[in-house]
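> Listed below, chain by chain, are the residues.
Number of protein chains: 2
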Amino acid sequence: MPVRLTTKDDDFEARFTALLSAKREDSPDVDETVAGIIADVRARGDAALIELTAKFDRMELTPDRLRFTAKEVAALVADVPRDEMAALELAAARIRAYHERQLPEDASWQDECGATLGWRWSAVSAAGLYVPGGLASYPSSVLMNAIPAKVAGVARLAIVVPTPDGVANPAVLAAAQIAGVDEIYRVGGAQAIAALAYGTETIASVDKITGPGNAYVAAAKRRVFGRVGIDMIAGPSEILVIADRDNEPDWIALDMLSQAEHDESAQALLITDDPAFADAVEAAIEARLETLERRAIAGASWRDFGAVIVVEDMDEAASLADRIAPEHLELCVADAESLAEKITHAGAIFLGAWTPEAIGDYVGGPNHVLPTARSARFSSGLNVLDFMKKTTMARMTPGALKAIGSAAETLAQSESLEAHGLSVRARLDKLNDA
Amino acid sequence: MPVRLTTKDDDFEARFTALLSAKREDSPDVDETVAGIIADVRARGDAALIELTAKFDRMELTPDRLRFTAKEVAALVADVPRDEMAALELAAARIRAYHERQLPEDASWQDECGATLGWRWSAVSAAGLYVPGGLASYPSSVLMNAIPAKVAGVARLAIVVPTPDGVANPAVLAAAQIAGVDEIYRVGGAQAIAALAYGTETIASVDKITGPGNAYVAAAKRRVFGRVGIDMIAGPSEILVIADRDNEPDWIALDMLSQAEHDESAQALLITDDPAFADAVEAAIEARLETLERRAIAGASWRDFGAVIVVEDMDEAASLADRIAPEHLELCVADAESLAEKITHAGAIFLGAWTPEAIGDYVGGPNHVLPTARSARFSSGLNVLDFMKKTTMARMTPGALKAIGSAAETLAQSESLEAHGLSVRARLDKLNDA
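Protein chains in written order, with UniProt numbering: chain A, 1 to 434; chain B, 1 to 434.
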């Protein structure tokens, strides 16, 4: 049974803190193995990739088989049912429209001393997306990673996706095609991350790597960080639903189960101000768990990590939500917008009972790659800026240098950086001579 | 002597590639030591901090001495010369004005199916800045880290700065005071990073850690990444100057030396289309190196990592600049703005001969914390967004859910996520019943 906490209980603070700090995932320490794999790919390129793929994915490749050909992609995509293609296209169009609004603006202005200042945004030249194989191989995640990159203007976008025993997921390839991905490689694991970061004979290196993966992939991303940019290291998914009694318990139950069914380490939390409503949701979850296809996974997640918190009022709910900093936050209350204003830390907020979180996973428009494990305190969901960078610009005039140069000289001297000061002084002297 | 490359030479490509991939810094592998230090601070808090500070910084602390009191800060700041205070205040005002323009806007709109979509920015609640002790303890870096955090709206901003043998840098404290830093602790090294990430009895944990440091600090930041946000792992500084013959060789020499004097691993590069001008700059550098205070450091950097590249024309210069992706790029050419448009990858661009890079280090306004080691390909200088995060918002209406809900259901089914589909279906059924 999931835990039930009540804020007015004496032991609430201790139990809530325990809930927050509970470790939901045992990441095995694979760092040494991963370091070896990366070194191997750096040293031997394609040959290492092929050997590691034979070992881990049980398939024999040759250098010219590393990449999916256009023909192979087309043949697989032809297998995707028509309604699924239409749904992917609708999702892609909505995700694209949302992310196009995130394109940042350049700036340039003249300040009061005559200097021209500003900045300029540009896209990274090449990005690589990791797509997991097996159970967690989601075409929707391909759209969510690839579309922001393409909207940002990334010229070269490569996907790596393991195809264990040679089995590829046609919907993943369809999503890649719809999103405009340029290259698709049938490799996975730490070796694929190494190939993207350092390049091999066949796979050119990229500048930024995004996308979820297992412990090996996460360790590899952490290791290549700095050589290339990476996105967040994602943990197991989580949802917090804040709901009052005026909700259909079954809807709330399904929303919570749609996180729980991802993964045994996923977490579904409910905060409500009505204990009877809490009971009703718990009962609805138990009822749905009797027939749900993924009841083994969802049941384990709910039993081990689920929790229901009964609060005195919605202000209390807001302050607990900030401490949880959930990846997904559903506000099923009368005035969801007002409640949202009281909450600072959340990856994505879903307002009102007509906005199930699953809409955001697929067709809402906002990204579904969101900060997990309380990292919404300091990071954002995947967005267009993740594939762009800013160059600052400055132009001094002789007048501007006269106005502010001697302050720079003073600071340079105080930091014992003589050449810094002299580079300004030489120019000021020229102005004084003139 | 620094290397001289000429693009029309047969071996240019090989030598340029070697220059790009040359490793300028030998980071010792301190990861295991750092892991131990972090574990110790997590387990024993203040006691570990105090022990490690005694060991590494040769000073005995007690828990109540970890933090500088307001009185201590005031006493030290009183030692800062008046012209230095004025220069710090001018710098702070200009940095603040520049960064205030970076504050992002929230967005909210209704799409064609009636859904309300958007996002909201918010500041991280607490940030920690690492300030190195000793040679690289720069008050200007305190301004550059602290001001963007305060402009972003960070409520609690803590500095950690080692004070080896009990010696503090008054200008660092002055900069912290001017920037509005809330707490200053006299601890450094990996132990300070651990304290900021996990908290101790005296130092509350933060959500984001920025600031430069040695190999131990860098390794600690990499280890706590995910628990908290971090900025880039900074490498040794570098500058690329692109200059035509119509420049004062001594000015260019000083600009290059102002990078070289930072660190023996720093790199100063010149690209010019005139071999005679290249000779003149080299001669000017040699001349300045005879008297420069930091001639030992600057000379070693110039000798070991300096390079001059002679190109056929400025288009060639632009394309090489993109491959170098320099931290600092000075464009000392007739039409610097046009040349800048041809270059995509650079941390900061300084336009025209009246804009020495040192202006950007102190009083220009843009940030001087910039991507090193070619990471300008995928990352930006420190900015206000580094201390903020975005929450996406979505509200469906019954009509919007009718329009796009079944596509979500289709995709959920194709990904075998039944509860996802059911959470949408339950609502659609209600609408159909109505």
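It is possible that part of the hints are untrue.
One copy or two, either will do: identical chains are not told apart, so a pair holds if it fits within one copy or between any two.
In silico EDC-like cross-links for lysine to aspartate or glutamate, where the CA-CA straight-line distance does not exceed 20 Å [claimed, not checked]:
#: 1; residue 1: Lys342; residue 2: Glu105
#: 2; residue 1: Lys71; residue 2: Asp433
#: 3; residue 1: Lys55; residue 2: Asp315
#: 4; residue 1: Lys402; residue 2: Glu201
#: 5; residue 1: Lys430; residue 2: Asp246
#: 6; residue 1: Lys402; residue 2: Asp83
#: 7; residue 1: Lys55; residue 2: Glu337
#: 8; residue 1: Lys71; residue 2: Glu183
#: 9; residue 1: Lys71; residue 2: Glu312
#: 10; residue 1: Lys71; residue 2: Asp182
#: 11; residue 1: Lys430; residue 2: Glu13
#: 12; residue 1: Lys150; residue 2: Glu183
#: 13; residue 1: Lys402; residue 2: Asp11
Calculated from the structure, these hints are not laboratory results.
> Could you run down the list of hints and mark each one as holding or not?
Hint check:
When the C-alpha separation of Lys342 and Glu105 is checked against a cutoff of 20 Å, the pair qualifies only between copies, where the shortest distance is 18 Å, while the shortest distance within a copy is 29 Å. Neither within a single protomer nor between protomers do Lys71 and Asp433 lie at most 20 Å apart by alpha-carbon distance, with minima of 71 Å and 46 Å respectively. Taking the closest pair of Cα atoms, Lys55 and Asp315 never come within 20 Å of each other, the shortest separation being 54 Å inside a single copy and 47 Å across copies. Neither within a single protomer nor between protomers do Lys402 and Glu201 lie at most 20 Å apart by alpha-carbon distance, with minima of 53 Å and 49 Å respectively.
Within a single copy, Lys430 and Asp246 get their C-alpha atoms only as close as 76 Å, which misses the 20 Å cut-off; across copies the closest is 15 Å, which meets it. Taking CA atoms no more than 20 Å apart as the test, Lys402 paired with Asp83 passes between copies only; the shortest distance there is 16 Å, against 68 Å inside one copy. For the homomeric pair Lys55 and Glu337, neither the shortest alpha-carbon distance inside one copy (52 Å) nor that between copies (53 Å) is at most 20 Å. When the C-alpha separation of Lys71 and Glu183 is checked against a cutoff of 20 Å, the pair qualifies only within one copy, where the shortest distance is 13 Å, while the shortest distance between copies is 61 Å.
Taking CA atoms no more than 20 Å apart as the test, Lys71 paired with Glu312 passes in neither setting, with 61 Å inside one copy and 43 Å between copies. Taking the shortest alpha-carbon separations for Lys71 and Asp182, only the intra-copy value of 14 Å comes in at or below 20 Å, while the best inter-copy value is 61 Å. In this homomeric assembly, Lys430 and Glu13 never come within 20 Å of each other (Cα to Cα): the closest approach is 67 Å inside a single copy and 39 Å across copies. Taking the shortest alpha-carbon separations for Lys150 and Glu183, only the intra-copy value of 13 Å comes in at or below 20 Å, while the best inter-copy value is 42 Å.
Taking the shortest alpha-carbon separations for Lys402 and Asp11, neither the intra-copy value of 65 Å nor the inter-copy value of 45 Å comes in at or below 20 Å.
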